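Asks: Residue strings, one per chain:
Protein chains: 2
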Amino acid sequence: MKEVSIISIGNEIVKGRTVNTNATEIAMAFTETGFYVSRHVSIPDDCKTISETLTASFKEFHITVTTGGLGPTFDDMTIKCLARGLGKKLTLNEEALNIIEEKYKGLKLPLTEERRKMALFPEDAKIIKNSVGTAPGLFYTLDSHKIFCLPGVPKEMRSMLPEVLNLSGKSGLNYVSMEFNISGVMESSMAPFVKLLMREYENSIFIKTHPVSDEINDPKLTVELYSLSDKIGEAKVKMAEIKNKIEKWVDNQRNSKALPGTGK
Amino acid sequence: MKEVSIISIGNEIVKGRTVNTNATEIAMAFTETGFYVSRHVSIPDDCKTISETLTASFKEFHITVTTGGLGPTFDDMTIKCLARGLGKKLTLNEEALNIIEEKYKGLKLPLTEERRKMALFPEDAKIIKNSVGTAPGLFYTLDSHKIFCLPGVPKEMRSMLPEVLNLSGKSGLNYVSMEFNISGVMESSMAPFVKLLMREYENSIFIKTHPVSDEINDPKLTVELYSLSDKIGEAKVKMAEIKNKIEKWVDNQRNSKALPGTGK
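Same order as they appear, the protein sequences are chains A and B. Offset between the first sequence (1-based) and my numbering: plus 211. Offset between the second sequence (1-based) and my numbering: plus 211.
Hint data in this document are derived by calculation from the structure and do not stem from the laboratory. Every value quoted in this text rests on a predicted model; they were computed, and no experiment measured them. Hints are not guaranteed to be accurate.
[As the list claims (entries may be wrong)] The calculated BS3-like cross-link candidates involving lysine-lysine, where the alpha carbons are at most 27 Å apart (straight line), are: (1) B:Lys406 x A:Lys319; (2) B:Lys447 x B:Lys459; (3) B:Lys447 x A:Lys319; (4) A:Lys259 x A:Lys314; (5) A:Lys431 x B:Lys366; (6) A:Lys259 x B:Lys270; (7) A:Lys319 x B:Lys459; (8) A:Lys300 x B:Lys406; (9) B:Lys291 x A:Lys419; (10) B:Lys431 x B:Lys449.
So that you can see chain A by itself, here it is in the shape it has in the complex (with noise of 0.2 Å):
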């Protein structure tokens, strides 16, 4: 199982500016890939917190993966703080150079200092191209870590992504994943079932369940099956499987007695 970190930078995300869709959509992606996503990290813009988190990050995972602080403005800091953690100097990097420069060039403007910073990158590493924005994302390997650094703006972000999971590899392994909605039950009736399923499974599949409307007077729940497996065919069958028992136990509970929010 290969493990993946995501590391959002930038004060606007820590204080509650700004909604962390990005860590979200990264998860997303390498979970679909067949990835274990293991955390996220929020922090702000500071140099020192930034190179503490990276480096903290290489050693226990295979992947890490962070959003913001590319860009010209002097709080984006992002690969100057990731060069001081690898103990690496930064030069300008001739390919990420040409593209900024030829940007800038169309529009007519001067390629200023806060503009050369965009390519300054730590000596080995590899750039990503950004064909929504300037900033040029970074890629480095590390022994057999890998490290992404995209942008924060999210378009900018987005268009990075098939990019960084083609660089990161096969996962070995397939997410297979279900949902489905069931009412009248609350959680915490069907809780010591789902515990007895996950036993007979043998913790193969993973089954969450989510509240999804009034608890005590129209519980509603949407039921999550999902699993990271090298047997597509075979965890399919399993989620077909649970999926039937669980409706046809909600159905012996509505028969059998009366249920909250079914009207009985």
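Got chain A sorted already, so can you dock chain B onto it with the hints?
Replies: Relative to chain A, chain B alone:
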């Protein structure tokens, strides 16, 4: 400055099924009350990870707020793993038990093991009432550190937030902020001016630019000014000055030369 750490517990957050709006809402509530939010972490339903993450948070920050994992299912384990991290025993909290018993009695449902589980708290914990759902929240003090455990269902978390802020006490600072939009200027064009302003105001006001549209063809920025200050009036005056200076600077740029997106 009192520092807050927010920990979101649940596979559905980490693997990317669910956007973590709870962390944003909690962060904004604390920020607006004059606290400094230092970190968000999202972790899976895994007891070792929960214990370790909580223990690390107590050591580093003044206040820790968790969401998720308070319910009746097998994977709801926040309180148990908190107790493990604290080296405390779990005992039946009489107040919590009474509330839970009342709720299920009204529904003519039995007090099963899964439902009783929601009344297990570390010995000297206090509970926070849940006016929307069933599982009570937790309030615990550890030396000068405060710990809050809230449910993951957003409306339940939200209903407890005023009490959480109340129990958190005074931060001693005030959050002052202002946002306004400017157009026709690229972030990279304004970056040097922002740097100068930050220096002029000795970093007492944080100035952050957020690109909100097509960076190259139709550049628009939201400019955010904010400060955690013990002098509200002074901070507001400085912000009005800064806004004025930025707007004048933008006008000068427009008048002096061609800018992308201005039609010149």
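Asks: Hint by hint, say whether it matches the structure.
Replies: Here is how each hint holds up against the structure:
1. B:Lys406 x A:Lys319: With a Cα-Cα distance of about 23 Å, the restraint between lysine 406 of chain B and lysine 319 of chain A holds, given a limit of 27 Å.
2. B:Lys447 x B:Lys459: Holds. Lysine 447 of chain B to lysine 459 of chain B sits at ~18 Å (cutoff 27 Å).
3. B:Lys447 x A:Lys319: Violated, because 37 Å separates the two Cα atoms, which is more than 27 Å.
4. A:Lys259 x A:Lys314: The hint is violated at about 32 Å.
5. A:Lys431 x B:Lys366: With a Cα-Cα distance of about 15 Å, the restraint between lysine 431 of chain A and lysine 366 of chain B holds, given a limit of 27 Å.
6. A:Lys259 x B:Lys270: holds (18 Å)
7. A:Lys319 x B:Lys459: Holds. Lysine 319 of chain A to lysine 459 of chain B sits at ~23 Å (cutoff 27 Å).
8. A:Lys300 x B:Lys406: Distance ~24 Å between lysine 300 of chain A and lysine 406 of chain B Cα, so the pair holds.
9. B:Lys291 x A:Lys419: holds (19 Å)
10. B:Lys431 x B:Lys449: holds (23 Å)
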